[in-house]
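Undergrad: Given the coordinates of chain A, work out where chain B should sit on it, guided by the hints.
If you read the sequences in order, they're chains A and B. With the first letter of the first sequence counted as 1, position 55 gets the number 55 in this note's numbering; the numbers rise by one all the way through. With the first letter of the second sequence counted as 1, position 21 gets the number 427 in this note's numbering; the numbers rise by one all the way through.
Wrong hints could be hidden among the right ones.
[To be verified] Partial pick of chain A residues on the chain B-facing surface, computed with a CB cut under 8 Å:
(1) 13
(2) 17
(3) 314
[To be verified] A few chain B residues that don't get close to chain A, going by computed Cβ distances all over 12 Å:
(4) 415
(5) 420
(6) 467
(7) 489
(8) 493
(9) 494
(10) 512
(11) 521
(12) 558
(13) 560
(14) 623
Hint data in this document are derived by calculation from the structure and do not stem from the laboratory. Ideal Cβ positions, reconstructed from N, Cα and C, are used throughout, including at glycine.
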Amino acid sequence: MNPWPIVRAFLVRHRWAALAFVFLVAAGVSLAVALISQERALRNGSARAADRFDLIVAAPGSQTDVLLTAVFLRPGTTKLLPPEVTVRLLNDKRAAFVAPIGFGDSHRGVPIIGTTSQLVTHLSNELQEGRVFARRAEAVVGAASPVKVGETFRPTHGIPRDGNSEEDTDPHEHGAMITVVGRMKPTGSPWDSAIMMPVEHVWQLHSLPDGHEEGNEAVGPPFDPTRTPGVPAAVVRPTTIAAAYQLRNAYTTNESMAFFPAEALTRLYSVMGDLRQLMSLLAIVTQALVLMAIVMGVLLLFRFLVPQLITLRALGAPRLFIAAIAWGFTATLVLAGVVLGLVAGYGLSYGVSQWLAADTGVELTPTLASSEYLIAVSILATGWILALLPAYVVQRRSLAMSLAES
Amino acid sequence: MSPHDAEVGLSVFQLEVSFCDATGDRFNALSGITAQFRPGQITAIVGPSGSGKTTLLHCIAGILVPSSGEIRHGGVVVSSLGESARDAWRRHNCGMVFQDFRLIDELTVLENVTTPALFGHYRVPSILRERARTLIRDFGLLERSVPTSRLSRGERQRVAIARALLMDPAIILADEPTASLDRANAASVAETLEGLAGQGKAVVCVTHDDLLVSRAHEVISLKAGRMGPPAVDPFVGLRAGDLA
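This is chain A alone, in the form it adopts within the complex (with noise of 0.2 Å):
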């Protein structure tokens, strides 16, 4: 018994129909398969970009502000650490560095960042071109930063805001010259677009202590007590777990807080798992929306199939060689609609971080896991299940009766 032959022609046949039908499906299997998809790339991208970044200590407020303004460079207002406690921090034992970061300053659109070249070499492991910068006229560029290793600009005040305008009203170009020295491997996080600058030099141009004694040029650590002005945030490597959770301790006062970035991004997506649920919502209500419309469509076009189905039977034709056509049709026409809507909805999660990538810098890889094919599968099995629906109908009608109709 082969079936085959028949239900390609009877496809050939109600082609539109049947392209409408397998249209109908893949949209719904794509917009639970992307939705589910990119879910899990943001929850993967953000936690990604936030790896590298043990303990970060700041003035108390809002984890989730300084977690998006420290790692994720989104721009916002952060109070600054006294200078009291970041002269404690930046000299803590218990940490193997301690690097400031200090905003303000912009070029080309993308932020710099004043920090330590400790950081650097932390977040980049090796530097993918040049060096680290040593002086303070010097910076180092992410990855992914327009700006070529050798160039040379002046940093204009304000931090660009939706890479459009600046924050400050009056925005201006700082007098000092830097020269770009080296650029970093990519760290899939926001930094791989940004220029990072000695701390010392973003301080020096905002008119603030520097850090160091006066008329000392040196960059980076250690930094005079007296000299080093509070910051918006640290970031801090502790040199061991028992030491993470001590400095976590010690930097939850009244003057600051510290939290790993692990726990705001947990609480994060705490919120974005309520959303999730609300999306698998949405997206079982789609889906039953288009199981709904299976169940009418296959009943549609099972209505042109009669007339060619009873003359089959009249044929001689078994019953089985009857219900394999009238399944097979329809089982071919959900197969294609969930196999084009799993390749539609990773296209669809794809361009969407592609889009998310380009907005926020944070690296965003869609993948189709085992909940998208367990989603594509279960519609599958349904249709399948459904598809026997006019197998069954075409078994009780009458086909004498049928015949004198057709």
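TA: Same frame as chain A, but now just chain B:
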């Protein structure tokens, strides 16, 4: 043993078929039909519309089960078989030809003719494929790889007859095989059916076509589900009123 068992070919005995009408009342579509459809003969079933011609053909094909009476083919009481067994019996013993051809238009001539082979095989056996090619050639058709929707009506009916003959059935059942054809094609089809009878097949035609009736060896005339007197006098042709 019934006297029918000794018969060769197909016979119907005291056939009754009743249906319920829209008001729920029963009415007899066929009553007391007794006839034999002999190998090598064309039997034409004639009568006005609604007289039960197609119902009788469907009974003979095993599509419809009579309310009472018997349909026999050789030693098999077809009317007593279950649906699957009747399907199998029809598949192996009957070739069906329809007024509107009922081809699968998207398939080619060869694919249409070999369709019945797919009922029992994954691939069309080479012997059946060769037989299909012979039939196509014999009927003056070209084994073109174009869909049959592009053929003329006469060609399509010849494809349908070739399809009916693929499994080499003993009985050919044709429901108005010439009704949708022009005169020349109708004559060609009638000639083909006559040729099949000549090969020893029992050909049963429901028809309004006097050309086809004139070639019949037997004519069953139905009126309101009952057999009337013989409708054809070979010397004077069809009686007026029998071919409404």
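Undergrad: Take the hints in turn and mark each one as holding or not.
TA: Evaluated hints:
1. Restraint check, residue 13 (chain A) versus chain B: the minimum CB separation of about 5 Å is within 8 Å; hint holds.
2. Of the supplied interface hints, the one on residue 17 (chain A) is violated, with its beta-carbon coming no nearer than about 14 Å to a beta-carbon of chain B, more than 8 Å.
3. For residue 314 (chain A), the interface hint holds, since its Cβ comes within 8 Å of a Cβ in chain B; the closest pair sits about 5 Å apart.
4. With a closest Cβ-Cβ approach of about 19 Å to chain A, residue 415 (chain B) is found to remain outside the 12 Å limit, as its non-interface label requires.
5. Distance to chain A confirms residue 420 (chain B) as a non-interface residue, since its nearest Cβ pair spans about 20 Å, more than 12 Å.
6. Here residue 467 (chain B) does not stay apart from chain A, with its beta-carbon only about 7 Å from theirs, under the 12 Å limit.
7. The non-interface label for residue 489 (chain B) is inconsistent with chain A: the shortest C-beta to C-beta separation is roughly 7 Å, within 12 Å.
8. A Cβ of chain A approaches the Cβ of residue 493 (chain B) within 12 Å, the least distance being about 6 Å, so the stated non-interface status is violated.
9. With a least beta-carbon separation of about 7 Å from chain A, residue 494 (chain B) fails to lie farther than 12 Å from that chain, contradicting its non-interface assignment.
10. Its beta-carbon lying about 4 Å from the closest one in chain A, residue 512 (chain B) breaks the requirement of being farther than 12 Å from that chain.
11. The beta carbon of residue 521 (chain B) is not kept farther than 12 Å from every beta carbon of chain A, the shortest such distance being approximately 7 Å.
12. No Cβ of chain A comes within 12 Å of the Cβ of residue 558 (chain B); the nearest lies about 20 Å off, and the non-interface call holds.
13. Annotated as non-interface, residue 560 (chain B) keeps its C-beta farther than 12 Å from every C-beta of chain A; the closest such distance is 20 Å.
14. Look at residue 623 (chain B): its CB is around 25 Å from the nearest CB on chain A, clear of 12 Å, so calling it non-interface holds up.
Hint violations for this structure: numbers 2, 6, 7, 8, 9, 10, 11, all remaining hints satisfied.
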